[in-house]
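Chemist: From first to last, the protein sequence lines stand for chains F and X. Here this note's numbering is used: the first sequence runs in plain steps of one and ends on residue 112. Here this note's numbering is used: the second sequence runs in plain steps of one and ends on residue 672.
Hints listed in this document are in silico derivations from the structure and should not be mistaken for laboratory results. Glycine included, C-beta positions come from ideal geometry on N, C-alpha and C. All clues stand as given, with none of them false.
Taking CB as the label site, the calculated pair distances span:
1. X:K309 with F:Q94: 13 to 21 Å
2. F:W97 with X:E537: 30 to 38 Å
3. F:G28 with X:E325: 51 to 59 Å
4. F:D108 with X:H571: 56 to 64 Å
5. X:E622 with F:P12: 41 to 49 Å
6. X:E325 with F:M82: 36 to 44 Å
7. X:T320 with F:D108: 35 to 43 Å
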Amino acid sequence: MSEENVYLSPNPASAARPIAIDPEKCTGCNLCVNVCPADVFVPNPEAGRVPLVLFVDECWYCGPCVDECPHAGAIRLNYPVMWRVPWKRKETGQHYWVGMKNPPPPNDTPPA
Amino acid sequence: MSWGTWIDLNAGNDAMKWPYPIRYGQEDAVDVDVLVLGGGIAGCWAAISAAEQGAKVAILERGSILGSGAGTGCDHWQWAITDVPGVSLSAEDFTQALVDNHGGYNNGISRYIQARDGYETLLELEEMGGKVRDTEDTFKGAEFRDEQTKLLFAYDYENRIVMRVWGMTFKRALRSRLRRLGVDIHERVALTGLLTERRGEDATAVVGATGLNVRTGAFNVFTAKATVLCAARPQRIWTYSTELAGSCDLRMPGAMGGGYAAAWRAGTEFAMMEKSIPAGLSINPSAPHGSGHPSNTWYPCTIVDANGKEVPWVDRDGHTLETFEERCRPAPGQRFFIKGGGQSSLPHQGLRDYQGPRLTNVDTLVEKGEIELPLYADLPSLPAHERRAIFGLMVGQEAKTKHTYANYTHAGFDPDRDMLLSYQQLIGGGGYGTSAEGAKTVLGFPSIRNAHSGTTGGPVVDWNLRTNLEGLYAAGDGMLGGNDHSHAATTGRYAGRRAAWFARQATARSGSREQIEAEKRRVYSPLQRKDGVHWKELLAGINKTMQAYCGAVKSEGLLRMALEAGEDLKHVVDTELAAVNPHDLANALSVVDILTAGIDIIVPACLARRASSAFLHFSRAEYPAMDPPEWQKFVTIRQEGGVVKQGERPLNLGAPFEENYLAHRPAAPIGA
Numbered sequence: 001m002s003e004e005n006v007y008l009s010p011n012p013a014s015a016a017r018p019i020a021i022d023p024e025k026c027t028g029c030n031l032c033v034n035v036c037p038a039d040v041f042v043p044n045p046e047a048g049r050v051p052l053v054l055f056v057d058e059c060w061y062c063g064p065c066v067d068e069c070p071h072a073g074a075i076r077l078n079y080p081v082m083w084r085v086p087w088k089r090k091e092t093g094q095h096y097w098v099g100m101k102n103p104p105p106p107n108d109t110p111p112a
Numbered sequence: 001m002s003w004g005t006w007i008d009l010n011a012g013n014d015a016m017k018w019p020y021p022i023r024y025g026q027e028d029a030v031d032v033d034v035l036v037l038g039g040g041i042a043g044c045w046a047a048i049s050a051a052e053q054g055a056k057v058a059i060l061e062r063g064s065i066l067g068s069g070a071g072t073g074c075d076h077w078q079w080a081i082t083d084v085p086g087v088s089l090s091a092e093d094f095t096q097a098l099v100d101n102h103g104g105y106n107n108g109i110s111r112y113i114q115a116r117d118g119y120e121t122l123l124e125l126e127e128m129g130g131k132v133r134d135t136e137d138t139f140k141g142a143e144f145r146d147e148q149t150k151l152l153f154a155y156d157y158e159n160r161i162v163m164r165v166w167g168m169t170f171k172r173a174l175r176s177r178l179r180r181l182g183v184d185i186h187e188r189v190a191l192t193g194l195l196t197e198r199r200g201e202d203a204t205a206v207v208g209a210t211g212l213n214v215r216t217g218a219f220n221v222f223t224a225k226a227t228v229l230c231a232a233r234p235q236r237i238w239t240y241s242t243e244l245a246g247s248c249d250l251r252m253p254g255a256m257g258g259g260y261a262a263a264w265r266a267g268t269e270f271a272m273m274e275k276s277i278p279a280g281l282s283i284n285p286s287a288p289h290g291s292g293h294p295s296n297t298w299y300p301c302t303i304v305d306a307n308g309k310e311v312p313w314v315d316r317d318g319h320t321l322e323t324f325e326e327r328c329r330p331a332p333g334q335r336f337f338i339k340g341g342g343q344s345s346l347p348h349q350g351l352r353d354y355q356g357p358r359l360t361n362v363d364t365l366v367e368k369g370e371i372e373l374p375l376y377a378d379l380p381s382l383p384a385h386e387r388r389a390i391f392g393l394m395v396g397q398e399a400k401t402k403h404t405y406a407n408y409t410h411a412g413f414d415p416d417r418d419m420l421l422s423y424q425q426l427i428g429g430g431g432y433g434t435s436a437e438g439a440k441t442v443l444g445f446p447s448i449r450n451a452h453s454g455t456t457g458g459p460v461v462d463w464n465l466r467t468n469l470e471g472l473y474a475a476g477d478g479m480l481g482g483n484d485h486s487h488a489a490t491t492g493r494y495a496g497r498r499a500a501w502f503a504r505q506a507t508a509r510s511g512s513r514e515q516i517e518a519e520k521r522r523v524y525s526p527l528q529r530k531d532g533v534h535w536k537e538l539l540a541g542i543n544k545t546m547q548a549y550c551g552a553v554k555s556e557g558l559l560r561m562a563l564e565a566g567e568d569l570k571h572v573v574d575t576e577l578a579a580v581n582p583h584d585l586a587n588a589l590s591v592v593d594i595l596t597a598g599i600d601i602i603v604p605a606c607l608a609r610r611a612s613s614a615f616l617h618f619s620r621a622e623y624p625a626m627d628p629p630e631w632q633k634f635v636t637i638r639q640e641g642g643v644v645k646q647g648e649r650p651l652n653l654g655a656p657f658e659e660n661y662l663a664h665r666p667a668a669p670i671g672a
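The following block holds chain X by itself, in its conformation from the complex (with noise of 0.2 Å):
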């Protein structure tokens, strides 16, 4: 008998009992004009702006509001470009900037109203309670600092697309405003499904909600005029390992795709899912934030070798850069460089007219001997400032690293003295490295990938942020082109008020009995089952067979394969998938979706796709040829009766900008 079948037997002698009342199947209903699904940044903002306007506003959260989503810090706030003090470049240029730089792949409208709004919510969070100004004068003089309004840059010091800024404020100022704006906040509640009604022949609606309380078991029926996806984009898909700690990913392991899968299932249409990169090597706690290197978090950090010399920095050409100053300068005759979290589609480089200065490709040096390993950062050899923005600043202001720097301080780490070793060899892929063959070296199967790193597949929104359902919108990662801290911000904020504007237009609704007492059915079925397959069980099967049939080259015969081991993990769903109390069902539930990510959502958006992109890191073993211009378009698809229905949007979503920013503005203001 397994262990938890002993437990089960012996309860009442020494077991514990489960600690939270036990409420399966009871009902709590909620009836708003605006549901929120998820307490992320973009969540948060979204249900703000919306009880700003005036409505009635409930947001749904698996995890706390506090540390879900991008968790409790930030280090950059990126890419706000309209009004930002001493930037001369347009909303406009620097949105097609970006949507060139991923050959077109990419969400225009999104990329937009970051560019366009960007700063305009940053001065609102700072209103809040964020901090985003060097108010104690820490870095005065720093060549990043505008001494004016005491606003610090990262990366392009001429171009200022990128801030730095003092993240750690910035989720508990949102929670505060959300608990005086009188949001009904519903923590611990993991979305199950989405509620929907017929419009006519072929249109659908979308609502409200359906959630699993994860540690009662209670089932929650939220019922709204509008509802704002804002969930996390789907993970764990090709690999999960619990052994090695901390999920060994840069994404929170509660965040699952849960709300992808309930779209989906619902009939929304998504895009660009065939998306999938080589996953990238996690070494240490956040990595590779929590290790020397010199991209991200730690640029323009210095690495030297294990004797000592420099490791030289090269611009796009691959010139050597003899300075440390211009490091953070456009290359001779660049108007500007794109850098931070989905500059481009990495390990592609994308564009040369955007691509920034970078370490020379560490894998060519060691091979001829050029340098020797180990490599570290070598922080001493840095501007003082440049020091202290580093490990004091960004270091001490994301989330994670937080607290990697209080354990490498509290152990005696001295910046001023000490060079952290540096992963860089072994980072590669995922989007940080130079060296992209390392991270394959390391994992040794370069068919373990992932699908939510930087400007990822999602929903396919309008210029209202509005799923092809009615009363459905998203924002963040919750949509086509997910990406960053301020991308959520930005687009929650955005959604959030179109959201509203039609909930005050749109009659009261309320999901059918009916379909509430199927998706209780779905929900509860692994309780049944006490000895049956783990949740862990199923997600190793579900992992093997994406890596299998859906990893780095894909075929209409492998993905057929995926089809087909996809409906016997099905089987096991329906027949032996067990859950022993409310934890244990919200994680089969999560791995259930997970299923429906991989196999329902990505496996059939590979099938769609019949040529090979190198901005997707799509291969199809069949059609070598990459990017033919017959294909470059966004394939689409969706489910309808169980059926995928594929469509196709034209690259270049959301051109002109400003044009379409403009025209879907209303004209006066619609006040509270």
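Okay, chain F solo, but in the shape it has when bound (with noise of 0.2 Å):
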């Protein structure tokens, strides 16, 4: 906890921080800012660096910038908390929730 860096900032627009880029795997090519339909990012002032998702509220979650990105990881669409779906197993009537604590393996089988 820092008393130092606190700044002025307004409520962020939206209740939701809609993409997730992970700066180790970014090599800021910008190819999600160039497909993004909504315009949603801007890129990083400093060349090849992480780009800025600045209009968030704008976003809608459609995923083009995760379906261009030649970076397996290195951005995802982060779904916010309000969206957390919940099933029921079958077999056990338990339910899982997307982010829960203790969560079930990831299920790899890709789309058909």
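Dock the two chains into a complex; use the hints.
Modeler: Here it is, written out as structure tokens:
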């Protein structure tokens, strides 16, 4: 907890942080910036660095930014808390939620 | 002072500079044979087919070709009839059924083109690289698979009027084809207006369009011999909230109907703009597709209650269906049933003749205590191929739900073992539910409506898909009856060709300097103010006006109030609307377009229909009789010199379809 670096800032424009970029994997190629239909990104002023997700409130989770990214795992959609959908395992009746504590292992079956 | 002003005063300290070069007012000029407005499905196909005819083509797109319009994917290729293997219906009969199912309020011309050219279009798409067949034999032996051709079908397996496809391959294939054909692609350019020329006393020709670069603020002037309007239907007219993340809508936020506003200002004739339906509920990403439900993408999934009890399926007469197979068959004595986006003017179920199987009304069962909430989509109980088709193929190939698929499976969801929660009891209205009251309950305000769901109002077209304006063609959602992916594709392909043929014999055109200068003044005026009304504030004002005075129940008095409030809102545009960068400016102009769509098009269209109509979900307090015979017609409107001109067209637009289609086909193909 730092007492420095406390700035004035407005509330976020949206109840979501729709895009998560891993700075370790992102090369700042800006393919995501240029495919986004709503232009929610802007390129980082420093070339080769992670783009900024500026207009977060205009994102509608369509995903071409993820589809176009050449680096696996560099960018993903981060669905907000209000969209954490539940399901029930039929044989046990147990409920699971996206984002839950102690989640089940991922199911790696790709789409057909 | 506002945050924006503070940033402005402190620019140079910590505030970040706009990342793109600012080019306000600078002009980029493009001259082509055919200009396509919008890079969605219809726009891509229009540009491709015009270029294949040898035309020099430019395409203008506010976002990006890959992501805009329908987005990157597609789950159903619907209502292709002619030449589809195993289909015995005729395009004529099917089109008539679709038109009748909407009480006549449909675009028979574009529906016939879809039915007739749909399969040919799909095969062309396959040649471009679209995947339309189960070549890996994933679904070998499935009831919905044609073993010979490896095509997959949906809904009514006997009549095969809808296909299941690998839609995530489509947009990429179209983009590659556009590039190979040398189409001049202008991404990040938002349409602002059409350039027109007077042709004699009362005729107008469209000679191009103007656009704003949403990154640099540069002004684009396109001149063209023919223009194809493939822009989105207007939305956000009654409601919009960025707090409910993802816009909570089935249409992408960037698609705001700017094409409709531009076409209106140029004098285009519109029909059916009085139609709007109660807005559906969006509960999660791309709802309802991202939750378990039995319609559309998830058809014919079994739904069970909290105790695992199946919610029964019923046929059109309410008879319980005993077997799973019956959900994919017409009822005894029924020729075929119609399912798919825009199947009827939902929540109006359409005619009994064409109603398909559906889930029993959940509200009633809950009230009677026969089922207990919550409900779940019981994927594990389905035949393996059906389960894989729903959660692997349909959810995996529709653009947004592809990511829902990744989200759920990454979190451990396994369709072989797990039952996804269903919001069926909440979905209601909006075209998907069996619980029409559900949406009202959740939203709490029946006046929150939308005008962009399935078979919508729009510009009237003829058999060349030309509007009333010379040189202006329309396709997909850019015209009356805007609907689904294959409708956009087939009509875009058809309109692009017609536009190219027209361009071949048209003389060169140029927009007048006076018009261009006037448009520039309009476009850049919000930049003069920094602390004025932001686009979100104006949009909230428009939404409130439409809810209050043009909601579920309309009357002459209320609609006149809407016009008065509209004048006030226009005054805000003229004196207070502010924007601080090109992105902000483009959004501000879009909201002005929403104002045009709402106050200038929809309200006058509602005033013009002095009768209520069940098929149009149109209720006039002073005319309670539903669909009186004298009002069973299209009421059309257009503006000329700021004055609204009314007209009318008979229902059954385009009939007899085959005869007209053939009569408007050139005797010999015109070579490139």
